[in-house]
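The opening position of the sequence shown corresponds to residue 1 in the UniProt record's numbering, with each subsequent residue numbered one higher.
By construction, these hints were calculated from the structure, which means they are not laboratory data.
Mixed in with the good hints there might be a few duds.
[Stated by the list, open to error] Restraint-style ranges between C-beta atoms, simulated for each label pair:
no.	residue 1	residue 2	range
1	G349	G219	44 to 50 Å
2	Y143	D367	18 to 24 Å
3	G42	K363	39 to 45 Å
4	Q382	H87	37 to 43 Å
5	A298	L36	22 to 28 Å
[As the list claims (entries may be wrong)] Calculated cross-link-like contacts (lysine to aspartate or glutamate; reagent style EDC-like; alpha-carbon spacing at most 20 Å):
no.	residue 1	residue 2
6	K417	D467
7	K138	D353
8	K332	D353
9	K332	D283
10	K23	E12
11	K332	D184
12	K332	E72
13	K417	E439
14	K23	D130
15	K332	D180
16	K105	D205
17	K138	D60
18	K105	D208
19	K363	E348
20	K138	E439
21	K417	E365
22	K363	E54
23	K332	D303
24	K138	D303
25	K417	D386
26	K363	D303
Glycine residues also receive a C-beta, built at the ideal position from the N, C-alpha and C atoms.
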Amino acid sequence: MPPTAPLSPLLERFHHQPERLGKSVRVEQALRLAILHDWPDGSRLPPHRTLCRELRVARDTLAQAMRRLMDEGYIVTGQGQGTWTHHPTSRPDSVSPLPTPRLSKRAEAVLHTRSASQIQSGAFMPGIPDITQFPMAKWRQLYASVTVPRNALLLSYSSGGYGPLKRAIRDFLWRWRHLDCSTDQIIITEGTHNGIELCSLALTDPGDHVLMESPCYWGARTIFAATGATVESIAWHPETGHAPRRSSHPIRLAYFTGSHHYPLSIPTSRSQRQELCVRLRPDFVLEDDYEFTGEDGANLMFDSRSAHHLLVGSFSKLMFPGLRLGYLVAPKALVAPLNQLRSEVFREGRLLDQATLAQFIAKGELDAWYRHIQRDYLARQQVMHDQLIQVPGVIHVSPPSHSISLCVQFAQEVDDKRIASRLLQSHLITRPLSPFCAENDPRSGLILGVGMLSGRTLAAEASRLRDVLTRCLQVCVFRRT
């Protein structure tokens, strides 16, 4: 008889789920995490009646979560015999494992990078907005209004994007960024990553040098590496600017994270970046408005009249990650080849989503939503700042802002990777800072998000984070290797 899985890890993980999520989702996520991290493969789950009583959920609620986990292969059940955990990657001992297929060198490099992770949610996970408060009823209403028989053309491919959406984005950029661009400069993309990949494919050849600031946004670094570019990092400190460059190779493309630096979560310096670009003379400058905030758009270098400036942005951080719609603003001479390349490599579609987003922006819903949620983010950041600044060993906390992420910095000798690992054992999801720094940039810290928690849950988890982090810094100060 296999051992019965202990209840305590499941209950702890369940209580750490955001309260605004539905109970079925909270149960599903808690069970999935317990199966992956707490319970051995083949453990017998407690009886469903016991789970319902301890989790204080109805049988139908538990059954919904169980069905989804069974479909994904995390649990197996026998009629009248119980339910057991199953790690999807495990194989019966009697079956010989198949040889692992050889991947390309590009794929191996991406999968073994220090930023690769399957964890994409959890307390203080950076880069995730608040999806629980988003006005989904309004979004569904607008979606229903465009999915009518007379709009059958919206089921076809798009060519550079849906015209009304491009006009809405043009007006949105003027209202929030004071950027004056024309609609024919805007290309609709499937999120920021798609826009960055399109630029890398169109503007760089394998081996070309792409300049990034250190610390860098790891998602962009992965894309450049996967497309064959040579990524070169230069440390940036807001007080002193950019460090001297060690290489003499020409820079084909310089990439910056827009007006609000990610992951440091502080306003960028337009003058320092302009000085760097004058010194290094990159062929193209790509800015990524990753952490969109309404107050510091003047830090962008982007000029719609320039022949070598490009801007990418996304609505994933403003609205919800699953939307996967963004934009690329390009010089007029590049729009036609970029559109043709995108059509040949990726194909364009999702016109129904584009039409819904166009109405959402044109009717003022996006502006209203952002004005509401940015005040909420600022209040959450203040809670986090007040808690973390008290921790001995923390030398800097990014000032509260309207963004969804913040950065905590330690002394250079602190091993932030081990700190993040210790926090994970307490179900506190963060990212270490050092893996995204250049070799000559010894900064150490943590990158955190405020989108997954709010209200009393945020206050309680922030206090718990402070206590756990204090203990970690007292006993886990290891020099990085």
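Structure-based check of all given hints:
no. : hint                    : verdict
1   : G349 - G219: 44 to 50 Å : 22 Å, violated
2   : Y143 - D367: 18 to 24 Å : 19 Å, holds
3   : G42 - K363: 39 to 45 Å  : 53 Å, violated
4   : Q382 - H87: 37 to 43 Å  : 41 Å, holds
5   : A298 - L36: 22 to 28 Å  : 45 Å, violated
6   : K417 - D467             : 18 Å, holds
7   : K138 - D353             : 14 Å, holds
8   : K332 - D353             : 26 Å, violated
9   : K332 - D283             : 16 Å, holds
10  : K23 - E12               : 15 Å, holds
11  : K332 - D184             : 7 Å, holds
12  : K332 - E72              : 46 Å, violated
13  : K417 - E439             : 15 Å, holds
14  : K23 - D130              : 17 Å, holds
15  : K332 - D180             : 13 Å, holds
16  : K105 - D205             : 17 Å, holds
17  : K138 - D60              : 28 Å, violated
18  : K105 - D208             : 17 Å, holds
19  : K363 - E348             : 25 Å, violated
20  : K138 - E439             : 48 Å, violated
21  : K417 - E365             : 40 Å, violated
22  : K363 - E54              : 45 Å, violated
23  : K332 - D303             : 12 Å, holds
24  : K138 - D303             : 34 Å, violated
25  : K417 - D386             : 23 Å, violated
26  : K363 - D303             : 27 Å, violated
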